[in-house]
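Please take these sequences and the hints and turn them into a complete structure.
Each chain is listed here by its residues.
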Amino acid sequence: MLRAKNRTGLVFFPAFDWAISPTHPEREERLLYTQDQVFEEGLLDIEGIIEYKPDLVTKKDVQRVHFCVPDLWAVMTESHFISAGGAKTIAMAVMDKQVERGFALVRPPGHHANRVVHGARGFCNVNIEAIMIEYIRKAYGVNRVAIVDTDCHHGDGTQDIYWHDPDTLFISIHQDGRTLYPGSGFLSELGGPNAVGSTINIPLPPNTSGEGILHAIREVVLPILKEFQPDIVVNSAGQDNHYSDPITNMNFSAQGYAELTTLLKPDIAVLEGGYAIEGALPYVNAGIILAMAGMDYSHLQEPDFDPVKIRQSAEVSRWVHKICDKVLENWHQRRHLADVCRGDYQLMNRDRDIYYDTDNIHEHQQETIRVCDSCGGALRIDSAARGMKHILAVHIPRNVCESCRKQGYLWYDSADTTRYDKVYLQDRCGDVITEKSQAN
Amino acid sequence: MIIGLDVGGTHTDVVLLGKEGLLRQIKVRTNSSDLFATVLAGLEKITEGIDPARISRAVLSTTLTTNRIVQGRIPEVGMIVSAGPGMDPELFRTGEHYYTVIGAIDHRGREIAPIDAGRVLKVADSLKKNGIRYVGVVSKFSVRNPAHEVAIGDLLGDRFEKVFLGHRIAGKLNFPRRIATTFLNASVYPVHKDFFEAVVNSLAKKGLRMPIRILKPDGGNMRFDASIDHPAQTILSGPAASVMGSVAFAPKDEACLVLDVGGTTTDMAVLVNGAPLLDPMGISIGEHQTLIRSLATVSIGVGGDSAVRVVDGKIHIGPDRLGMAMAYGGPVPTPTDAIFLLGIGHGGDPEKAREAIQSVAEALGTNLQDAARRIFEQACRTILDEAGSMVDRINAKPVYTVHELWEGHRLQPRQILVLGGPAPWFAKGLERLSESRVTVVPRWTVANAIGAGLARTTCEVTFFADTERKIATAPEENFTTVIPSTYTKEDAINATLDLLRRKAIGRGANPEHLELEVLEAMSFNMVRGFHTTGRNIRVTAQVKPGLIHGYDPIAEKILDSSFP
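Here the protein sequences come in this chain order: A and B. According to my numbering, the first sequence is numbered sequentially starting from 1. According to my numbering, the second sequence is numbered sequentially starting from 1.
Source of the hints: derived by calculation from the structure; they are not laboratory data. Misleading hints may appear alongside valid ones.
Stated by the list, open to error - The calculated BS3-like cross-link candidates involving lysine-lysine, where the alpha carbons are at most 25 angstroms apart (straight line), are: (1) Lys206(B) x Lys97(A); (2) Lys206(B) x Lys45(B); (3) Lys397(B) x Lys53(A); (4) Lys314(B) x Lys352(B); (5) Lys138(A) x Lys59(A); (6) Lys206(B) x Lys397(B); (7) Lys172(B) x Lys53(A); (8) Lys5(A) x Lys397(B); (9) Lys314(B) x Lys428(B); (10) Lys489(B) x Lys428(B); (11) Lys172(B) x Lys45(B); (12) Lys314(B) x Lys27(B).
Printed below as a string of structure tokens:
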């Protein structure tokens, strides 16, 4: 009987009865051929690959991360409880040491979901990785977490949630935002004033192939991870860098994904995007599973794989190298950059317009963070969705200092409920989730 | 009248069933080196003085092929495998004569790379040169498109005695298991064929012409002639016989556990609303994981004759059996000795039983009664714990739709049916230690043979339609047809049930009383760009395991006469 080198947990939840709409890329059919390939290859029979049934996340698991507007039931479907639950199940199996690593092969995805949720953007309603990470922080006392987002689209939702958190390193490798949704994830996006350098963006030019992506992993991601010393590494394993993906322009392959996984050695991988459901996903997912399990994947390749056709040009290579050098330079100068960013401010503001492409919602946010040397800082978000709700949300981080805690409660207690549809408090330190409105 | 025959490790149970109920029951010693003689003796003895014309069927559950596989006493067979991209096919090597050839088919059944006829012919030459007579041919995704297996089969022509094609063996997706299953079929083909031809011929010579059927591990039977193409479906049918023997006495509206307590082992299974649960993939035998349909059963090394030892002040029961209970002259203490000492059961030499428990009591530093009670309780508790784990594993089985996960109810059996030699004794202990109702299956010592006799013919059909490619196929049934783009899930279900009906009748089912069941029917819109280009439809249907129509009167009669 075949044995996996690394005991690997797998949650496979293809949600065969759930779609955003019948012809939407995020539809029933998406993981059908992946299932066929995984079954036919007999991957679930391998000793040491253990399939788990996903648990559901609880309301509190979601509220630990998100401010759901108008409420949780409006933004969560049954399927979201399961896909976030699948990620949580895998994380628990890893934390309980039932397995060495785990892969949540679930849908719908989550990495475009911000802290404040008015609806769906980029096919995502809630951030399944963040829900998972904050759960294991609460349940297992994990502190330092690194998220490496290898989806072709910038993981703007995850970036938003961890923007101010110095204990979470968020690295996103993606196709340059000037050429692809969501149009963000540039070099200059380095994290909030209390967490400069803990957000890292590696925007790559269109037509980057395995050579460029693996260069970024080897030369940038791995050295930074080594320095950051995370307790766990999470891979947001989007599969839309594939050369056959219909909505992106990159040239990655199944072999490349398997090698990326081998290099990165994530403790937990969570599926994100990837819409070449026939030509890529079956082979990429099989490759990731074999790589996680430490097994041979050298015979795995797409039927139409042609290395010559997808080789990157010299110009792309030069561009990739330049970007990578710049990312490393920023990383090494992060303390200096933080000083420059903070100046003498005690409170800093950010003003943003956020568009929800899936649900066509226009949100305007004014964010205020307390500049702090000892914690992530108290955070206040005033968020209004055009023609919809206007809310105020206060977030008090896990390792909060006393001054920031007081600031957070001051914001919440003094909020005028006549001005907002709802006022939310998320006190991660005191484990308090509460809200108030004029009605009550 | 129906004959049920179940070959066990030490005894072979044979029953004769009629409209009047259980007419005869006998036990003959199993001669494991000559199962032919054992079966023949059983059949002859049970039919003494009976007009053979009145026997409508004899259903056999034998250990013939199982023993051969477990002991490795199988001939060299050849395997020709075409894999294409994916796992290295070398990983699934079955033996010396295992050849991989070029050729690949993808998940939708499209050809990626053609097979190389020249290479296949060379492989055939070297198989022939090595004296190989039985060959298995398997290609990846052959259940989506069997073209490569068929082409390789054609190239082999009639140069070999028997060629098994993977897609005809099982309909499920699982390439490594398809290889293993095809290999096992080729391996046990000659011994199975010889054995049953010998049985039929010998019976005929004695004037005992009767239709012979074979019990399968899924708790169903098939006609002997149908089994020639699926000889591996005769393995591990023993536990299925016992489970089927308890079906008539199971509640029809809830789940229950079946425990077959034997001398060496206890086999466990779950019945839901009177129907046994099937293993989702297939049976495992030794190192081989297969696609052979089977009941979900678990076997543990605790039985009435399990060896009892005291190690570091703790009682250990089994997993081995060194002989009978000491009360019957065996070498070591057993739970049966404890049962006799406690007065729960009576048999053998009470002095010997006392002697057995005395040694345990001394090692534990306690009195006789306490030692016996602890042995018996531990045996019962181990069985209950393992049964609990089995139910947990069934409940942990992943599902793939929101609906199933959200609606999925947990299995919570509240009744236990016990059968096997020491059933009434163990039932007393199980009753005390569990919250479930515990019932002893009537005629518990031969319920397995009754189960074999009364099991219905079962089978399964896996159907696949792709309206974009305009094909529908059920390769296992040798069925492929062109379909219009308007083909629907309902059309697919109808076609599947039609194939299933024909298959069941061909394997020996009663056409008047077919219980067909759709296990899975899913239709996916295939969208390319922003347009629906077709539907991808998957249907699985089965004749679920159960008892033959009209069994109720027989079962009731058995129940009436069960407690003398």
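Each hint, compared with the structure:
Distance hint between Lys206(B) and Lys97(A) is unfulfilled; the C-alpha atoms sit about 65 angstroms from each other, more than 25 angstroms. Between Lys206(B) and Lys45(B), the direct Cα distance comes to roughly 12 angstroms. Compliance with the 25 angstroms bound is thereby established for this hinted pair. Using a Cα cut-off of 25 angstroms, the hinted pair Lys397(B) and Lys53(A) holds, with the two alpha carbons roughly 6 angstroms apart. Our distance criterion of 25 angstroms between C-alpha atoms is met by Lys314(B) and Lys352(B), whose separation comes to about 22 angstroms.
Taking the CA atoms of Lys138(A) and Lys59(A), the gap is about 14 angstroms. The hint holds against a cut of 25 angstroms. This hinted pair does not check out: Lys206(B) and Lys397(B) have alpha carbons roughly 51 angstroms apart, beyond 25 angstroms. Pair hint Lys172(B) plus Lys53(A) holds up; C-alpha atoms about 21 angstroms apart against a cutoff of 25 angstroms. For the given pair, Lys5(A) sits about 24 angstroms from Lys397(B) by alpha-carbon distance, which is consistent with the 25 angstroms threshold.
With a C-alpha separation of about 23 angstroms, the suggested pair Lys314(B) and Lys428(B) falls inside the 25 angstroms cut-off, and the hint holds. Between Lys489(B) and Lys428(B), the direct Cα distance comes to roughly 51 angstroms. Violation of the 25 angstroms bound is thereby established for this hinted pair. Using a Cα cut-off of 25 angstroms, the hinted pair Lys172(B) and Lys45(B) is violated, with the two alpha carbons roughly 42 angstroms apart. Between Lys314(B) and Lys27(B) the alpha-carbon distance is near 37 angstroms, which puts this suggested pair outside the 25 angstroms criterion.
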